[in-house]
Structures are given as C-alpha cells and as structure tokens.
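Number of protein chains: 2
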Amino acid sequence: MTDLELMSSLAEEEKTKILLIVLDGLGGLPMTPEGPTELEAARTPNLDALAARSICGLSTAVAPGITPGSGPGHLSLFGYDPIKCLVKRGVLSALGIGFDLQPEDLAARGNFCSVDPETGVITDRRAGRIGSELGARLCEKLSQVQLAEVDQVFVKPVKEYRFTLILRGADLEDGLTDTDPQETGVPPLPVKATRPEAEETAQLINRWLDKAREVLAADAEENDHPANSCNLRGLSKEPGLPKMREIYKLRCGAIATYPMYRGVAKLAGMDILPTGDAIEDEVETLKENWDDYDFFFFHVKKVDSRGEDGDFDAKAAVIEHFDQVLPDIMDLEPDVVIVTGDHSTPAIWKAHSWHELPVLLWSRFIRPDGAREFGERACMTGGLGHINHVDLMPLAMANAGRLAKYGA
Amino acid sequence: MTDLELMSSLAEEEKTKILLIVLDGLGGLPMTPEGPTELEAARTPNLDALAARSICGLSTAVAPGITPGSGPGHLSLFGYDPIKCLVKRGVLSALGIGFDLQPEDLAARGNFCSVDPETGVITDRRAGRIGSELGARLCEKLSQVQLAEVDQVFVKPVKEYRFTLILRGADLEDGLTDTDPQETGVPPLPVKATRPEAEETAQLINRWLDKAREVLAADAEENDHPANSCNLRGLSKEPGLPKMREIYKLRCGAIATYPMYRGVAKLAGMDILPTGDAIEDEVETLKENWDDYDFFFFHVKKVDSRGEDGDFDAKAAVIEHFDQVLPDIMDLEPDVVIVTGDHSTPAIWKAHSWHELPVLLWSRFIRPDGAREFGERACMTGGLGHINHVDLMPLAMANAGRLAKYGA
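Heads up: the sequence lines are chains F and H, in that order.
Numbering that gives the first Met the number 0 numbers the first residue of the first sequence as 0 and each following residue consecutively.
Numbering that gives the first Met the number 0 numbers the first residue of the second sequence as 0 and each following residue consecutively.
It should be emphasised that the hints constitute simulated quantities derived from the structure, not laboratory data.
Mixed in with the good hints there might be a few duds.
Because identical chains share one entry, a pair is satisfied inside a single copy or across any pair of copies.
Claimed, not checked - EDC-like, lysine to aspartate or glutamate: derived pairs with alpha carbons at most 20 Å apart:
#1 248 to 291
#2 248 to 12
#3 210 to 221
#4 140 to 159
#5 248 to 182
#6 286 to 330
#7 87 to 4
From a predicted model like this one, the values you see are computed outputs, not experimental measurements.
Just chain F, same shape as in the assembly (with noise of 0.2 Å):
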C-alpha cells in the first residue's frame, strides 16, 4: 500500500477524468457448484466487451477473510487503509440516516432495549424487536432530553429498535465504550473514558442517558410496551481523514442514492451530486456534472440489497440494468474506468461476504488480459491478479497520467 502523505506527493494535476464504478455487493456465489454466480449468470455485454479491453483481477476490500461494513468497503476503494481508517458505527449511524454531521458532533448507535423493573437487568437487547412507528415516536420523546451542557442533542430514529444519538458542542471527546454488555442478564454498562480527555463526556452522556431512562421506563409503563431502556454503542466523531482533493489532487465528485455512501464520500472530502433514485437518473447527474470534475463515484445500491434478500435472479437483473446504461457513460469518454464493488453480498449467503471482488480496470495503458467477461471466474486468470482495494486509487491515478515518478 501506498500511504497518503506519499501519494500526495507524487499526484499532479491533470485533465484526465476518472470513473469508479462501484456495483455494491457485487461479488457472488454459485448457487450449486456447477453454477455460475449472479455476476456470470447475467446477460452484460457491454461489461463483458469492456472486460475483454481492460486488465482484470479479483480484489480484497479489507483483508483476506474479512467481510466488510459499507464503511471499509468504499473507504478502500478510495485508498485509505480501512484498518487504520476505521470510522466507528456511532458515525456511520449518523452518515446512514444522511444527517448532516459536523465535525464537533458526537455520534452513537442507540438500541432500544428491556430491563428487569426490579432489578435493572436486560431482559432482551433489541425490546422485542419492536416496529419502526413505535421507535420513531420514542426518538421524539427521547429528543425533549437534552443538557444544560450542550447546544443541542438530536435522537433520530434508524429502523425498529435502533435509533441515532447526536450531541452538538464544542469541547466533545471520543474515546468512550459502549453501555451494551452483549448479553442479557446484566446490567446497561456505563459509558467510561478511555482517554482522560473524554472523562467530562462520559459523565454527560452518563447523564444523559439516566435522564432518557427514566423518560422510556415511565412511556413503557404507561403505553405497556418493552422498550423501557436503551443501550449506546459505537460513540465517536468523525474521523477527519483527509480529503481526497488534497490527496489526489483531483475535485472528487459522488452519485449516490443512499445516504450511507453519500456519507462516506463526504468523509472523503467529495461533492454530493444531488440525484435520483433510478439507474438512469445517476447517469444523468452524471453528464450533467461531466466537465466539473476529475473524479466520480458512481455507486449502485440495488445490486446488494437483491443479494441480501437471497434472490440470485433479482441481483443478476440489476447488473443487467446497470450493463444497459453502460454504453452512455462510456460515451463521455472517460479516461480511467474501474468497475468493482464495495465486498461480495452473494445471494446463498444473504448478507456482506469476505470473498474478493471482481475488478476490471479500462484505460488507453494497460496490458490486455485473457479475461473475455466479466464475471469471478474471468477475472480470477486476469492480468491484475489479486489485488488489494487499497491499490486501485494509485493505479487509477497511474492509468490517468497524474502521479509523478517517484525518486529519480
């Protein structure tokens, strides 16, 4: 890996464009052992043609058996080292629901959860997975808490049982654990400071939290529910990276459609491209923006969440959709195309996996490979061989004539 100080030494301004595909969870499975994955299965010319010009290989996001949260998958494939880089679930929460976060705020991941009346024990970590109306309404309620200390305390409801927590103000610190004991029987943990710094922000949110306690204990009763606790995790600030502008040198643009990966762009430094929900709508946006900027990520959501759901035709249609409109981005020409995903979802696994992505890169200076399409297999004998998501932003920035030699 090329560490960032290095890369922003080297990088030079260009009029080179680069595009990064990003099909979320698009690495599969068979569903037999015969089979093919959802990727070979599905009907993608233009990939396969595109394939068939490019160098391919298979890519870790993270490291070899790790499978990735949407937070290490992209910030990866934007060249930060995803270990050292790690942005905490608090934040992630938060980036997830698209509030705006600023860099003072303090984030959490809530759950809702039940405790023993008598003794303070919790009885069941997710309150009986209770349903999105019932938490929605409870962050309003939760939302009335706030503390002399802070200028302001926001509660947002997430999905179900699980909700946001944001404290505003200056002089916040991370470096908090979780009051979540992973298990029931016990009592909520308090928030401690691992570091002397976060000492008085422990105590807040300690305060906070026996004032938000008392807030659901007494709704519960009242309205014969089970969420009559809650517990925090993940407590953090946004992490500060640095940007991708200062890196690369490159005015970085997103199209995304979930607030998730619009979040983590921005983390990165990059412009939010206002779009819409449709494949083609992310086109679109992303003519209109062509000649504004050097880089753009151009993310796919649905193809993931077809590979959460197990329904391997569903996510193959969505590679099919996306291979439609490929031939009207190419049209603009652009100058380093790379076409990945975030990490696997394969469709007989239901969820995120740790198997590597396929990965084609397209420029005028690559070294054509064997690989004829694009799917695991191809691009498991490809040229680029296995790879590290890491590597892709300095060969980009490589196949794009915007690093400089490095020594002389």
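Position chain H against the provided structure of chain F, taking the given hints into account.
Structure of chain H alone, referenced to chain F:
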C-alpha cells in the same frame, strides 16, 4: 517483505553464484490493443528457452501505480525497501555523473535559472534551457566559489542547465529544504533546516548561494546570457545503507555502463567492475570476474533509452541483442539467474511507467510453470504470480542454498 536484519541472520556462505540481469525499462505495452509488447515482439529464442525452464511472474518495483525512478527501481531489486530507503535527488545527481561521493559529502541537484535583476523574482526556472557548453563554463566559474568552513566545494555540469553541487567537509548535516519554489514570479527560497542539527549547514549553503549568484549575475551581464542565478534541490548525504556483503554474505560485483547504475550499486556496497560500452564488453567483464564474486548485477541500459525515445522496434532490437549474448552468459554456469527490469518504459508512454515487470528466475530448484516464452502475457500466468522486487533477492538467496532455516 523480509527485513534486512532477518536476512543477515539467515544468510550463509556458499560456493553458489547468483546473477541478476537487469534490462533497464524492460516492461512494455502494446502499441495497439491487440498487438504485442516490445519484449513479446522481439525474437528472443534464448530468453524463451530459459523462460521455459524457469519460474516466471510479474513483479512490482515499488508499489502498485508507482512509477519508479532508477534509484528506487534498483534498490528494491537489491532487496532494500524502496520507500524507507529513498535516495534523494542530490545524491542521485552526484552518482549519475560518476562523482566519487564520500559519506561526509552533501550533494544537491542544481539548476541555472533566470531572475529579474530589479525584483529578484524567477522569470525562467531553466534559464532558457541554456546549452551544455555554457553550463559547463558556468560550473567551472562557480567551482571558484569556495567556503572557509568546508574542505572543498565541487560544482559539476550534468547537462544543459543542470549541475551537481557537492560540499565536502566534516559536520555537514542533511535535513534541508529546496530553494526552487517550483514556479516563476517569486524569488528563490532560502535553504531551511528541517531539523535543528542542520541549522548551521543551512546557513553555510545560503552563504554559498549568495556568492554564487553574484558571480552568475556578473557573468550574465558581461556575456549576455540568461543564466544569472541558480536553485538547489534534493540536498542530501548518501543514505548509509547496510551493505549487501553484510546482509547477504555475498561478494557483489556490478557491471553497468552508465554512472547512475554504478552509483546505486555502490550505495549497496558492490564493487564496480570497469567495463566497455557494448553488451559484449559487459559479458567479457562478467567472464573475467566470474571467479571472484558470488553475485553479479548485470545492467543493460539501452532498452530503457529506446523506450524513452518512443521507438518500439529499436527497444525490441536491444532486447534481441541481449538475447544473442545470453548463451555465453549461461555457459558460465551460474546457480541462480534472474532476468527482469527496474521499471517499465513502454515505447507508447515514452517514459518510465508503473507497469509490472516480467521476471524469470532460473535455478535447479524451481517448479517449472506453463510459461513457454519470456513476455508480459506469458509471465502474467507464471508460477511466481504477482511478486514484488524486494522479494527477489530472498528468493535468489534461497535458490542458491544460501539461507538457513528460520526457526528451529
């Protein structure tokens, strides 16, 4: 990567001989998507026959996407981490002109430039690209600018507007900034120390620059030329690398026709074997010295030169020329042979590039693979897979039976 301390703890004396053949800038690209690379187009029956008996692969000189200069490209071949062991421009410039750099010397790459006599701002960073003759005369003149505090100041012409400055004396420290602001319309910068120990050296060099610029201004006025000032970059001392004799317990000889490569070999502690300009002369030198060394670095420069010229056929012709002498080399019965390059120089790119290098490793103890010829595409599916230059020396050592078992 195996670190050098581990390597030296495992290295053992043996009678075996290792031959590292570096065809400078070997890696190439097709001129058209379907076409061959320079190496693939070259008629190389001897390299092909050797490749068929070897294990082959593609090797990254520094890191994916990084285009190596000659320094890093060779240091990694000699087993040094090319990021940690960066040799700066001043030292490389001195090595490139064959200057016999001593450990206490401080070297800088110099450029003659033009400044506005009234305001002192730079108007041309390369002094109108003055010719080598004027450059040499100015160096002669600047050689008379000496300093009481150092033993000697050398000013040596490189080419056109480029020169090398070397200060020789005790107590010179590196950790110094460049004077070249990399833009016109602003004055040259003063040399600053990046660490306290270098403070005095910085002041010393600034004093030399004041005097040197006075001399240049007067000469330019008198003789009506644009080189009325100068800038310094990459001020540095030789990096004091551990020597290959200590790391590998090998007696190392270098056969190279250009000063730069002899210089880098010297940094690694090799003996520099005097040789003539032709490849045949280099082979003769190899024969003459065969009994006296365990390791030879055999460098063929012109492959790179023709790539930089953008002359595909001429680059292929140099490779063919080398192929013709290969049987004479193999007749010496080396135990391990590696053939590769320090970086790619595709004719279509006309410069060093980031592309992986074809590599073959021959010994009696390799697993032959399917590669039946020596070329980028054949190596793409070779048994070494995708490898890194820094790993080649450990493999050579192992194949030479010169590495003890690690751990009991």
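Item to check | Violations among the numbered hints, reported as their numbers in ascending order | outcome: Going through the list in order, the structure violates no hint and respects every one.
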